[in-house]
Amino acid sequence: MNEILTPILIVAGIGLLAGLILAIASIVMAVPKDEKAEALRGLLPGANCGACGFSGCDGYAKAMSSGEAKPGLCTVGGEAVAKTTSEYLGLDSADVTKKIALVHCLGSYDNTSDKVEYQGIETCAGAAIVAGGIASCQYGCMGIGDCMRACQYDAISICNGVARIDPARCKGCSMCVKACPKHLISFVTANQQAVVRCSNCDKGALTNKVCKIGCIGCMKCEKTCQYDAVHVVNSLASVDPSKCIGCGECVDVCPRHCITMFNPEI
Amino acid sequence: MMKGLIAIFLASILTENFILNKFLGICPFLGVSKKLDTATGMSIAVTVVMVISTAVTWPIYNYILKPWNLEYLQTIVFILIIAALVQFIEIVLKKYIPSLYNALGIYLPLITTNCAVLGVAVLVIQKGQADPSFGFLQSVVNAFGSGVGFLVAMVLFAGIRERIEHNDIPKSLQGLPITLVAASLTAVSFLGFQGLVDGLLG
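Chains X and E, in that order, are what the protein sequence lines are. According to our numbering, the first sequence holds residues 721 to 986 in order. According to our numbering, the second sequence holds residues 10 to 211 in order.
It should be emphasised that the hints constitute simulated quantities derived from the structure, not laboratory data. Given the structure is predicted, the values throughout are model-derived calculations rather than measurements. Check the hints yourself; a few may be wrong.
Derived list of chain X stretches under chain E, where covered just means 3 residues or more per stretch with a C-beta under 8 Å from a C-beta of chain E [claimed, not checked]: (1) 728-734; (2) 737-743.
Result set (DSS-like, lysine-lysine): computed pairs, CA atoms no more than 25 Å apart in a straight line [unchecked claim]: (3) K819(X) to K803(X); (4) K753(X) to K103(E); (5) K790(X) to K898(X); (6) K103(E) to K782(X); (7) K782(X) to K104(E); (8) K963(X) to K943(X); (9) K756(X) to K103(E); (10) K929(X) to K835(X); (11) K43(E) to K31(E); (12) K790(X) to K753(X); (13) K943(X) to K818(X); (14) K104(E) to K753(X); (15) K753(X) to K782(X); (16) K756(X) to K104(E); (17) K803(X) to K756(X); (18) K835(X) to K782(X); (19) K818(X) to K803(X); (20) K790(X) to K803(X).
A short list of chain X residues far from chain E (calculated; beta carbon distances all over 12 Å) [as the list claims (entries may be wrong)]: (21) N722; (22) A800; (23) S877; (24) N880; (25) D886; (26) S906; (27) V908; (28) L926; (29) Y947; (30) V952; (31) V971.
Cβ atoms here follow ideal geometry from the backbone N, Cα and C, with glycine treated the same way.
Please put together the full structure from these sequences, using the hints given.
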């Protein structure tokens, strides 16, 4: 009898002891869980992109639950997430304007050329170190695709030597904005408006040498605009999105065709 | 005494490496060795659990199971203890070192079912039976060395795999096949250490 009973007792005893220690430990060393933060974390998309300004979705959820941050900062989740999170927190739905990343350069191989044959590390960051980049325009897109590799949503493609962002796929996570060594990518609000697709702030003659469609700062757009939305600063036109109504007159008048109409619907 | 401990430590890393020589703990070796930082995190967790579980199972075997002639219970008792221990470590880490807890993440509970951890606990008992001078201290040093050996193998292999990623591999060998080939070659290369520790310190 003892041959069976002793081992059973010993194994059961060890198991019971281990269970007791674990049960006591889990009570004594319990970590208070922030249920609100966990629920909010569940509502966030979990891309951990950091576009909200916090260290990933966990950080943002914590900040929201403690009231340090407002809902609606999540660009990836957009309106849907802003709505669910503000509902959970019992706040009025916050206004979220959808933002879409845009490459401010149209320097494809038709318009610019490479000034050197680059054989170094296959990244834009690497190429930008060598003599101000490999494109003939020192402001322009080199088309090696750091932004394309940074994008988690397959929204960016490199065609004909210049990066393009598909507005339908862009979630506004800002990974490409950070990745571009030439700082060509920035956010535009997702409504119809004119956008200047050039970042060259050299004088017109210099720009003309390196790019067929670069902005030469001729001021035609500024004079044409009836709404005071377009201004030329540093030989480079820029559109104020808050004033632009998307009439398209500057687009028609631009001799270089570097102002285009941005329409996220298309 | 000191020399003996160093010999045990080196032998458990090089000549008796758990992964490359005893072929235990192959699942994390192939599963978590894709990136260097996860491989390191997993190995450190394994080392900690190995040392603590050996330090707990050795006295239980020698002072509870052996006097009652219940040696045959060792496997089930050891598994029970290791599982409880990993849970306990998880609770302690969560409370006092949350950064380490987050870094180890899923690996900590995975170690519960890692055969290398059970293997080290069982093998030091076997060694103690064969050689009575192989006591508690030797067992713990052996466990620590085995953990470091695990780390060495994981880090080596993570480095190899990161290099394989960027190579032009024939389609039939892509993925797991080339990984297994590389793993076996690494294991063969570790055979070269055979006799090294005895030669150095013997």
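Fill in: Distance rule for S906(X), whose beta carbon must clear each one in chain E by more than 12 Å
It holds; S906(X) is separated from chain E by about 32 Å at its closest Cβ, greater than 12 Å.
Is it true that the CA of K753(X) sits at most 25 Å from the CA of K782(X)? OK: K753(X) and K782(X) at ~11 Å, within 25 Å.
* Hint consistency between K103(E) and K782(X) [alpha-carbon to alpha-carbon, up to 25 Å] -> Distance ~17 Å between K103(E) and K782(X) Cα, so the pair holds.
task = Take a quick look at V952(X) and tell me if its Cβ sits farther than 12 Å from every Cβ on chain E, holds or violated.
result = Fine: 47 Å to the nearest Cβ keeps V952(X) off the interface.
- Three-residue Cβ test at 8 Å for the coverage of the stretch 737-743 of chain X by chain E: Our answer is that it holds, as 4 residues pass the Cβ test (under 8 Å) against chain E, meeting three.
Notebook entry, point to check: So is N880(X) really clear of chain E, every C-beta pair being over 12 Å apart?
Noted result: holds, 27 Å
Quick check for students: does the CB of V971(X) sit more than 12 Å from each CB in chain E?
At roughly 45 Å from the nearest Cβ of chain E, V971(X) sits farther out than 12 Å, so the non-interface label holds.
Are K790(X) and K753(X) close enough, with their CA atoms no more than 25 Å apart? Holds - the C-alpha atoms of K753(X) and K790(X) are around 21 Å apart, at most 25 Å.
- Task: Below or equal to 25 Å on CA atoms is what counts here, so check K790(X) against K898(X).
- Result: Holds: K790(X) and K898(X) sit about 23 Å apart, inside 25 Å.
Classify the label on N722(X) as holds or violated, using whether its beta-carbon is more than 12 Å from each beta-carbon of chain E.
-> Given that some Cβ of chain E is not farther than 12 Å from that of N722(X), nearest at about 10 Å, it is violated.
### Task
Decide if the proposed pair is consistent with the structure: K835(X) and K782(X), CA atoms, cutoff 25 Å inclusive.
Roughly 49 Å separates the two Cα atoms, so the pair is violated.
Original post:
Would the pair K756(X) and K103(E) pass a check requiring their Cα atoms to be no farther apart than 25 Å?
Top reply: holds, 19 Å
Of the numbered hints given earlier, the model fails hints 13, 18 and 21; all others are met.
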